[in-house]
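Taken in order, these protein sequences are the chains called L and S.
The first sequence begins at 1 in my numbering and counts up by one.
The second sequence begins at 1001 in my numbering and counts up by one.
Capping the alpha-carbon separation at 27 Å, the derived lysine-lysine pairs in BS3-like fashion look like this:
#, chain 1, residue 1, chain 2, residue 2
1, L, K313, S, K1113
2, L, K18, L, K149
3, S, K1088, S, K1110
4, L, K241, L, K175
5, L, K181, S, K1002
6, S, K1157, L, K201
7, L, K313, S, K1157
Okay, the calculated bits of chain L under chain S, using three or more residues with CB under 8 Å as the criterion:
#, region
8, 162 to 172
9, 284 to 292
A few chain S residues that don't get close to chain L, going by computed Cβ distances all over 10 Å:
#, residue
10, E1007
11, G1015
12, T1111
13, G1112
14, F1121
15, K1123
16, S1135
17, T1142
Honestly, the hints are just simulated from the structure, not real lab data.
Please read these numbers as outputs of a predicted model, since none were measured by experiment.
Beta carbons: idealized from backbone N, C-alpha and C, even for Gly.
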Amino acid sequence: MNDKDFFTRLIYGLIEGKDLPYLAMKLAQSIERPVIITDNIHRILVFQNPSDLSHEINEFFPVPYFRINEEQLMQGDPTVLSQGQLESDNNSITYSYLPLQTAGKCLGYCIVLDACNSSISSDPTPLSEKDKTLIMQAAIALLLVLKNKREYSLGQEQFRDEFIRDVLYNNYDSKSNIYEKADLWHWNLQGPMVILVLECKLEKIRTARDLIPNSFNNQPPISAYINNQLTIILNMKNLKKRKQRTALNKFLSPYISQLEHYETGEIEIGVGSTVSAVTDLHLSYQEAKVALELGKVFNHRPICFFEEMGFLKFIFTQPAMELQDFSQRVLGPIIENDLETGGNLLDTLRSHIECKCQIGECAKALYVHENTLRNRIKKIEQLTGFDLRRVDHMVNVYIALQVLHLGIET
Amino acid sequence: MKSIFFEFNPNRCLGCRACQIACTVNHDLHSGIYLRKVTQVQYKSKDQIANYYLSLSCNHCANPECFRLCPERAYRKRRDGIVIQDDKKCKGCGVCTRACPFEAPVVNPKTGKTIKCDLCFDKLEEGDNPFCVASCPVEALTVYKRTTYEENPDLVKTLPGFPRIQITRPSIRYYPVKMGVQIGINLDYPKEVKEDE
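So here's chain S without its partners, still in its complex pose (with noise of 0.2 Å):
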């Protein structure tokens, strides 16, 4: 069965947070309670810089840690690579909110239980897109159907100046980022520029 997963092109994305607003209305979520977040990124290095927005939800990774440590056994992993969770066994308890180290899952006040993207799967299932990819002006944000087997090379993991924890294995994949030069630098002297790992 083929797995779906999350892919963003951070050349694309505008950083108008259409996709967070979509996922926030149509879940009827309350004001500040986001499952998708778009921060700013600044990425730089010796002779290079990166500006660049990054749209972020649940990465459905394939060694989710939420899915380790509740307690209630309330989330469970599809077929098809989509970690769920059960709202009905959810009891809030936020150990979740703390073990994911992308902070997906969030506790909505209205219910006092646990939330988290869930790929919009019943969406899926009749053959849409979820609310974040449908609502983006510039298609940054696409899902994408693949087996384990297949990688798409032009794709990667992760993004410079992003953190680069990989052991939960987040199965978004990334479009490189363009890099740039940043006008104005003297670059024989790397010394003024705020150089990151």
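This is chain L alone, in the form it adopts within the complex (with noise of 0.2 Å):
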């Protein structure tokens, strides 16, 4: 078979409605190792290994990128193939790997994998001329298909998001009319979920989605993006109520370390609480978004739970004049004595506080003496006329804070 040929069978198939699998396993085939084909954040779409070959390969199979010419990439030039070598615990894999690229913009890589030094031989055989002709070859059928599955997803994504805004915004009246479109997208919207929120750098919010992991609870998760913000649905069938948070915290964690790994800027999650069917899902994505506010107000980051959140929750909700007039009641003298003096009572008593009104700790903290601390607080007693040893004092300065601190935050 000449190289020409080779590209016809590929385009041939193509028209025939054969996809991405199809390209790898024919060119795995010609060139006789495994071939991997990620998407641009380097998830893998397809593994070839036409001779079975015991490589451990994860999710992602991250590559270093580089910028090609394009030119060369649609002349066939073969010395736009580059190596890598993928170290893990106890597997090296060296490999020759090419960016899918087209107008500017990386659409996937195509990955060649030598060998392991595990497997056939420890000295893999370097790519021949032709080999790297039928890559090349192949390159241009893949990058076609790339793109046009990239177009497909976009436009899908459009309906999709406004589906998902549709539910979440209540504008749904029956179970029914939800299921029957959800299954469109063989999405299954049955049993008890769950709503996350994610907020990250605007331009930055296409590849976060893009990054979410394939699974949870052994479904796939669905995400829309809603406001600037990314939304996202998991399923919890057959999750018990105490192992939630651990299955959450097992898909967030390295969710977010891939999310920081393609710099995404600061990361703000919010969790709803869970709800038993879809057209309650409007509450848990309400929750999702008001724990992701409290979050950023009282750091709590990455990650704010909804149902962690206590009493901060019902605060916000009272009337916004009503909390300010409480805030000032009680933080007012302090304030005003901050300002007429130019001291800083309000940032001793809330170190007083951060610090579990431990004396020696906050001291410590502020870098004053003892003494020195203590006659502050004394003094802060003096103008509120609030005893912070007693809880029920305490409690009202602690909640004239937090409200203070959601209005200068927020």
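The two chains are supplied separately, each in an independent frame; assemble them into the complex guided by the hints.
Encoded structure:
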């Protein structure tokens, strides 16, 4: 089979409706090496292993990014192929790879594995010139498929996002209508669910969406882009309540690591409570958004669970004027005193509470002598009329501080 | 789709309450029941003072608490961002009236059910302005359409002296209030001025 035959066969396969696995399989068979196709965020889309070599491959196959000259790619110039090595605990894989790039955008990578040190040979034979030509031929067909897939998925995404938005904003009346539409995308919206809302750099939200792990509780997570935030719906079916938090943390930890790797900026995640039916999903969504905002204010970063917010979630729903009045009534004398004297009693009070009212710990944190701190606390007590050793008095001071914080931060 | 929201210019508002009355009359509300309220705000800081009127109704928040807490699922948020309430589903429990930090929903004594500003969406769909906006003689109150990506840098999310409770993310935007200096106050003695945070 000559090179032209190979390329024609691939294109003919595409005309017949074949997809990425077919192209990868043909390439893998032709060059007799394992072939991996990843998307632009290095998630493996296809892994074809013709000789069943024992490669330990995870969900992602990261390769160093470099920009190629697209002209060279189109002309089939094999010099654009690069070499790389992936090290894992007891495995080292050498590979050749090629970014599949068009119009300045990388849509994915074609990776050809050489061999494992634990498998056929410790000294892999390099790719022949003919192999390289076949890879370059396949790259054009792969690029075509990836581009079509990308465009199709962007179009579909818009419809899906609108559907999710309608569900989350209570614009559907019956469960059956929701199930019927969800079936179009093979989504399972039955059983208990929870919603996560994520905020990161706006220009990186697309990457954040692509990086969502493939599976949670054996179900694919459902995502939507709403109001500059990424919304993720997770199915909690058969997960006992006490195991839900562990499962969520297990899902989120690697995801957050991936996001940090892609420099998505400061990540904030709000998690709503678990709801039993799809018609209550709007509750979990609102809770997740509130948790996200409260997390920002009270520094519960990067994940803030609504159920963990305790009484704070009730505070901000009180009439705004009353909250402000309450805060002023309790802390007003301290603020006034600070303005008059240029002191920092308010900061002292905040630190005192943060240090669990431990004089020694707080004095260290503020770099002051313990007696200085005692004097300041005495002054605070005189100004406010509260005894900071009494729980009922302390609760008022704490809430007033949080309300003040709520106003400043937001 | 573009979101619809109120814009308010406190520098123009005369405090005539035309918006408040127009809303009440056209919605055939009981006397004393207002979906829009005009209040006077006085803000003083060390060297500045501002007196202005504020016309507020439902802010059609991005995270509406009425929507979250309603036990009857009577609230929904349209694609254009307007939060509306289904009168048929409402049982008048009043949870939303207590939940809203801006006290936007009110109980209508005629029906015993809750009622709130719906931004007169039926009028907007016909290309008209809501009653409150149409009645403002100085165009202090307007409605504006924007996508979630667009933010007018000239507008602000809150005003001095007004509580900055933004957790619910109100959609209303304000023109910054022009601060003046109180004549007759000796600025060297800030103690005499009641200072707000």
